[in-house]
Amino acid sequence: MRTYDLCDLVCPLSKMKATEVIDSLNEGETIKIVLGDTDSLKSVAQELRSRGIKPGFEQESESKFVLTLTR
Amino acid sequence: MSQNKSLEKGTRGKGADHRLRVYSDITQLIASPDNPTPLVRLNRINPSDDFLIYLKLERYNPFGSVKDRIVYQMLKELEIGERTVVEPSSGNTGIALACVANALGIPVEVAVPEGIPNEKKVMLRLLGTKIWEVEDALCPRFPSEGARGLVNALIKSPATRNRYISPNQYENELNVLAHYRTTGPEIWRQTRGRVSHFFAGFGTCGTISGVGRYLKEQNPHIKIIGVEPSSPDHKLPGMKRITGLGDEYVPTILDRAVIDDIVEITDEDAYRTAFELARKDGIPVGPTTGAILHVALKYTASDTGLAVVISPDDAFKYASFYQDFVEAEAQKGQGGNK
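Note that the protein sequences, when read in sequence, are chains C and E.
Under the working numbering, think of the first position of the first sequence as 1, with each following residue one higher.
Under the working numbering, think of the first position of the second sequence as 1, with each following residue one higher.
Calculated from the structure, these hints are not laboratory results.
No experiment lies behind these values; they were computed from the predicted model shown.
Do not take every clue at face value.
Claimed, not checked - Here are the computed lysine-lysine pairs in the DSS-like style, where the Cα-Cα straight-line distance is at most 27 angstroms: (1) E:K121 to E:K156; (2) E:K156 to C:K32; (3) E:K121 to C:K17; (4) E:K130 to C:K17.
Claimed, not checked - With the C-beta cut set under 10 angstroms, the calculated list includes, among others, these residues of chain E facing chain C: (5) G128; (6) K130; (7) V134; (8) H221.
Glycine included, C-beta positions come from ideal geometry on N, C-alpha and C.
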């Protein structure tokens, strides 16, 4: 499973990059997206909701949020 | 070559011969008290002899808008080094930034809201500027200003922060200073101190704060009136509704102490007034000028004196915005000179 670490991007750059990644996924492909702040988490989660994707969520630390998703 | 050395070569205003209009570079044309933008009296849309209204036509700056003044001032002071300049803009700042930066050899990128007129986007591309076209609701930290949010992210993200620098017109006191040093003194001199009212829109708030501060220092009785859209969702590019806005989103450079009154305007009234001005006085302006002028015209009923209305730019960048209104008029069988 590929992991995209977007912790060095602040929202909305993180959301833009995440959107790019999601757009490039093949049907059925699963990936992890790692985000570094709550604004990024909110906006990426919102993007996923709007696409009908329900991600798995794990908070690894105060500033590390992992979303696992399948397109 | 450093950016500051380039600007020294420009030496705007110094040695420029405004009488013969011969210049060593394009930035020397940016307005200053020695080379003011015109002040033009409105005779037909405002027939009152008791409350004279003059338009300050900022379109006569070399890049076509009031933003030319602040961009030069801000770039002059910025330590750019090898970085790229990036700024959010609804168009005019971006165009001014691209032109000044091109003249000085500085790379520039502009974040624009999705809804700006196509003409402005084409112009930015013509100038070779990279455009980040951003939806307004892109980030919860800047709920209605995605372009500001994006620039904030480029400046703060560890992955990009060493590559970008922003003049940040919303927080940069040089925005205010540009108007305090140039627009304010021009108006005072051009009206021979007779100005009694000054009208401007809220956007970055640099114009109203800088001009307001200068004029109040000359005569504290001068009224400074700010104009804002009646709704946060509007079609007045460059304008911002301040009322009800959270403190964190109000430009930090806004000097509320110099403002006597804040008046709301609808898109409909703004566009209608812009059309009326073009048809009665022959001056094609952008919708923001229509907005500010509409408010000034209301004062003719109650006040006397000499009003100056800032006209940030002209009509030509807004053809696609005006098209809907023109077509609506045509369908109703309206339009033409009245």
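Check: Between K156 (chain E) and K32 (chain C), does the CA-CA distance stay at or below 27 angstroms?
Finding: 24 angstroms, holds
Checklist line | Cut-off 10 angstroms, beta-carbon criterion: hint that K130 (chain E) touches chain C | finding: 14 angstroms, violated
Check: Are K130 (chain E) and K17 (chain C) close enough, with their CA atoms no more than 27 angstroms apart?
Finding: 17 angstroms, holds
Margin query: Under 10 angstroms is the threshold here; is the Cβ of G128 (chain E) close enough to any Cβ of chain C for the hint to stand?
Written below: 22 angstroms, violated
Next item on the list: With a cut-off of 27 angstroms on the C-alpha distance, tell me whether K121 (chain E) and K156 (chain E) pass.
Entry: The hint holds at about 26 angstroms.
Check: Given V134 (chain E) was flagged as interface, is its beta-carbon under 10 angstroms from a beta-carbon of chain C?
Finding: OK, holds: V134 (chain E) within 10 angstroms of chain C, min 8 angstroms.
Checklist line | Closest C-beta approach of H221 (chain E) to chain C relative to 10 angstroms, hint status | finding: 46 angstroms, violated
Next item on the list: With a cut-off of 27 angstroms on the C-alpha distance, tell me whether K121 (chain E) and K17 (chain C) pass.
Entry: 23 angstroms, holds
Hint compliance for this structure: hints 5, 6, 8 are not met, and every other hint is.
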